[in-house]
Amino acid sequence: MGWILVTSATVILFLQNYPLYIRSVPTENELKFHYMVHTSLDVVDEKISAMGKALVDQRELYLGLLYPTEDYKVYGYVTNSKVKFVMVVDSSNTALRDNEIRSMFRKLHNSYTDVMCNPFYNPGDRIQSRAFDGMVTSMMIQVC
Amino acid sequence: MEAAASGGCGSGPPLLLSEGEQQCYSELFARCAGAAGGGPGSGPPEAARAAPGASTAASGPVADLFRASQLPAETLHQITELCGAKRVGYFGPTQFYVALKLIAAAQSGLPVRIESIKCELPLPRFMMSKTDAEIRFGNMAELHGTKVQIPYLITEKNTFKRMDDEDKQQETQSPTMSPLASPPSSPPHYQRVPLSHGYSKLRKSTEQMHPAPYEARQPLVQPEGPSLGGPGAKPLRHQASLIRSFSVERELQDNNSSYPDEPWRITEEQREYYVNQFRSLQPDPSSFISGSVAKNFFTKSKLSIPELSYIWELSDADCDGALSLPEFCAAFHLIVARKNGYPLPEGLPPTLQPEYLQAAFPKPKWECALFDSYSESVPANQQPRDLNRMEKLSIKDMADFPVPTQDVTGDDKQALKSATDEALPKDMSEDSASKSGLLPPPPALPPRPCPSQSEQASEAELHPQLNRAPSQAAESSPAKKDIPYSQPPSKPIRRKFRPENQATESQEPTTAVGGPASVATVKPHPTVQKQSSKQKKAIQTAIRKNKEANAVLARLNSELQQQLKEVHQERIALENQLEQLRPVTVL
Numbered sequence: 001m002g003w004i005l006v007t008s009a010t011v012i013l014f015l016q017n018y019p020l021y022i023r024s025v026p027t028e029n030e031l032k033f034h035y036m037v038h039t040s041l042d043v044v045d046e047k048i049s050a051m052g053k054a055l056v057d058q059r060e061l062y063l064g065l066l067y068p069t070e071d072y073k074v075y076g077y078v079t080n081s082k083v084k085f086v087m088v089v090d091s092s093n094t095a096l097r098d099n100e101i102r103s104m105f106r107k108l109h110n111s112y113t114d115v116m117c118n119p120f121y122n123p124g125d126r127i128q129s130r131a132f133d134g135m136v137t138s139m140m141i142q143v144c
Numbered sequence: 001m002e003a004a005a006s007g008g009c010g011s012g013p014p015l016l017l018s019e020g021e022q023q024c025y026s027e028l029f030a031r032c033a034g035a036a037g038g039g040p041g042s043g044p045p046e047a048a049r050a051a052p053g054a055s056t057a058a059s060g061p062v063a064d065l066f067r068a069s070q071l072p073a074e075t076l077h078q079i080t081e082l083c084g085a086k087r088v089g090y091f092g093p094t095q096f097y098v099a100l101k102l103i104a105a106a107q108s109g110l111p112v113r114i115e116s117i118k119c120e121l122p123l124p125r126f127m128m129s130k131t132d133a134e135i136r137f138g139n140m141a142e143l144h145g146t147k148v149q150i151p152y153l154i155t156e157k158n159t160f161k162r163m164d165d166e167d168k169q170q171e172t173q174s175p176t177m178s179p180l181a182s183p184p185s186s187p188p189h190y191q192r193v194p195l196s197h198g199y200s201k202l203r204k205s206t207e208q209m210h211p212a213p214y215e216a217r218q219p220l221v222q223p224e225g226p227s228l229g230g231p232g233a234k235p236l237r238h239q240a241s242l243i244r245s246f247s248v249e250r251e252l253q254d255n256n257s258s259y260p261d262e263p264w265r266i267t268e269e270q271r272e273y274y275v276n277q278f279r280s281l282q283p284d285p286s287s288f289i290s291g292s293v294a295k296n297f298f299t300k301s302k303l304s305i306p307e308l309s310y311i312w313e314l315s316d317a318d319c320d321g322a323l324s325l326p327e328f329c330a331a332f333h334l335i336v337a338r339k340n341g342y343p344l345p346e347g348l349p350p351t352l353q354p355e356y357l358q359a360a361f362p363k364p365k366w367e368c369a370l371f372d373s374y375s376e377s378v379p380a381n382q383q384p385r386d387l388n389r390m391e392k393l394s395i396k397d398m399a400d401f402p403v404p405t406q407d408v409t410g411d412d413k414q415a416l417k418s419a420t421d422e423a424l425p426k427d428m429s430e431d432s433a434s435k436s437g438l439l440p441p442p443p444a445l446p447p448r449p450c451p452s453q454s455e456q457a458s459e460a461e462l463h464p465q466l467n468r469a470p471s472q473a474a475e476s477s478p479a480k481k482d483i484p485y486s487q488p489p490s491k492p493i494r495r496k497f498r499p500e501n502q503a504t505e506s507q508e509p510t511t512a513v514g515g516p517a518s519v520a521t522v523k524p525h526p527t528v529q530k531q532s533s534k535q536k537k538a539i540q541t542a543i544r545k546n547k548e549a550n551a552v553l554a555r556l557n558s559e560l561q562q563q564l565k566e567v568h569q570e571r572i573a574l575e576n577q578l579e580q581l582r583p584v585t586v587l
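Chains as they are written, first to last, in full-length UniProt numbering: chain E, 1 to 144; chain H, 1 to 587.
Warning: the hint list may mix true and false statements.
Straight-line alpha carbon distances no greater than 30 Å define the calculated BS3-like cross-link-like pairs of lysine-lysine that follow [to be verified]:
(1) Lys295(H) to Lys82(E)
(2) Lys565(H) to Lys537(H)
(3) Lys295(H) to Lys107(E)
DEER-style ranges, computed between Cβ atoms [stated by the list, open to error]:
(4) Arg67(H) to Lys107(E): 19 to 27 Å
(5) Ser292(H) to Asp133(E): 24 to 32 Å
(6) Glu272(H) to Arg130(E): 26 to 34 Å
Chain H residues, not near chain E, derived (Cβ > 10 Å throughout) [as the list claims (entries may be wrong)]:
(7) Gly60
(8) Thr75
(9) Glu81
(10) Arg271
(11) Lys300
(12) Asp320
(13) Arg582
Keep in mind that the hints were calculated from the coordinates and are not lab data.
Here a beta-carbon is modelled for each residue, glycine too, at the ideal position from N, C-alpha and C.
Kindly generate the complete structure, drawing on both the sequences and the hints.
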């Protein structure tokens, strides 16, 4: 149940609805992003339960645009282990297409699995992997 | 600037600089002036003229530079005086250039006089020892494209070594010079030019070192503590792709040369230690140590969990959650380094990359492979008591003597012979002598029971040997009876022709199961036939007994089934009666 929040460069990764990893590029208004992500978690849960017993494949992992606010778009992604990634992107960032969001989520997922492979990482800890940080940074730089 | 230029020109003789000197000096000037703000960054001709922007080199960096030339302080004072900086109060470009030339002169042994600088001089040598110098030099590094790269690496190794020795740069001159000596086209007086000034020569000659940044880097790192891999490794990575192959070559060369203490290089004994530790955790060196096993093991090193987590991240290159042998060695080495106080690098140093480790140390893997092939064959054959003993001894010997040479096999066989009751002296010595490249096989693996009997007739040539060692047969025959019948049928065919057998069996050690078994079976050659016939009888009796037991059990089964049916029928009958009776009672 983790979730990652990325907003126009912000990334938050959550497990069990508490955060595993938070990253924002514009560090102001971070609380606002946190709030939005928390509310979007409800939407994510709704979508997960709506999927029901369907086979979880890559397409369904990507939840798409959760809901658009006036300023921001929130995208969701859930892994097989119910770790939620939430990405909040600036609406002005219209250059971001759906495919790009998908690829970003895929990269996040891959990096997350690499982190999990580390035996010294206990699931539920905050993620302190430098490789993961580097990947998220590069992604956020790419976005903004 | 105009004032400085005119003042400088007015006070001293006209300064004749060669092109290389001009470039060198202008770079140095730029560097020193960079801290003052702006830095002219101009080419030599412009520097001589009035250049806008920072026109003076800040005294701090200049003083550092002069100190780096390692001339005595009074010489430096003289130089400062002569060049006119003291008079004008600052280091304009002219003063600076004159000072540099004077430094060169002083280093060449000439007296510090204005006249000295009129002649052609080598470039002054500087041992940079300041962080700002390093920073500037670091910038210079990027300026010099690919030409720099190869020497770059070598000097980087030099920096590593230097850091280990915690020496001043002078000592490094000699080791760093040796790779420098290779470019044949370097100017004849190049040898006198220290690495720190190599970059000026770089412009002239195609292959050059760029030692200054790295030499400078080393002292930079020294104050930080021995962070060997870190800063050096980072710029290295920028050019990594181009020079990787070169660097590996050079590194391998340097392996043999003068950098034994480089912290990210694994020495031979360290390597062996790591391999042994790996084996203690995971007997098969070609497979992986799982994450949890590795975690328990590395936790014993008492490093903090985040650090261990980071080390794992660095060393598990393929992120599969398990450590192969080179990955394990890299991780262990990083832990050792960390415990010795070296801060962890930003990325995995090239000498710890799995490919590099595998390339540099192929031998242990090969040894292990042989050992594995042998050990795999062992469990395939269940042994009678003394055979087991022999096997174990042979395995131990294998561990100690992994290289299969004839001498080794002879030794092993001697050891095995002495340790066991079975005396197969002639056979073993013959076999060892005749077989080249065979693993030391156990003296007597169980011979093949069934198929071998068919070979008895055809193995006429083996009979002399049989007669030769009748005692062996007597001893080994009781032991062989317990042997399982797991031998592949193809082996007796090979045993037919002894020379051929040896030829084929010499290839066999590389095959997992068959090798030692077949090799061993050749030995009890003479005894096998008798034993095989006895074994056949034993098998037949066993088969008979099993059949009888089967029959008995089958009969028992049928009887019980019959009883079960009868019981079922009784039950049905009783239930019927109950049903009939029930309505009566209800009423």
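A quick look at each hint next to the structure:
Distance hint between lysine 295(H) and lysine 82(E) is fulfilled; the C-alpha atoms sit about 26 Å from each other, no more than 30 Å. With a C-alpha separation of about 42 Å, the suggested pairing of lysine 565(H) with lysine 537(H) is violated against the 30 Å cut-off. The straight-line distance between the Cα atoms of lysine 295(H) and lysine 107(E) is roughly 26 Å, inside the 30 Å bound, and the hint therefore holds. Between arginine 67(H) and lysine 107(E), the C-beta spacing of about 50 Å breaks the proposed range 19 to 27 Å.
Under the hint 24 to 32 Å, the C-beta atoms of serine 292(H) and aspartate 133(E), about 25 Å apart, fit the expected range. Checked against the given bound of 26 to 34 Å, the beta carbons of glutamate 272(H) and arginine 130(E), roughly 31 Å apart, stay inside it. At the 10 Å boundary, the C-beta of glycine 60(H) stays outside the reach of chain E, the nearest C-beta of that chain being 35 Å off. At the 10 Å boundary, the C-beta of threonine 75(H) stays outside the reach of chain E, the nearest C-beta of that chain being 48 Å off.
Taking the minimum C-beta to C-beta distance to chain E, about 52 Å, the non-interface status of glutamate 81(H) holds against the 10 Å cut. The beta carbon of arginine 271(H) sits about 23 Å from the closest Cβ of chain E, which is more than 10 Å, so the claim that it is off the interface holds. Remark: the non-interface label on lysine 300(H) is consistent with the geometry, its nearest Cβ contact in chain E lying 13 Å away (cut-off 10 Å). With a least beta-carbon separation of about 6 Å from chain E, aspartate 320(H) fails to lie farther than 10 Å from that chain, contradicting its non-interface assignment.
Distance check for arginine 582(H) against chain E: the nearest CB is about 48 Å away, which clears 10 Å, and the non-interface claim stands.
Consistency with the previously given hints fails for numbers 2, 4 and 12, ordered from lowest to highest.
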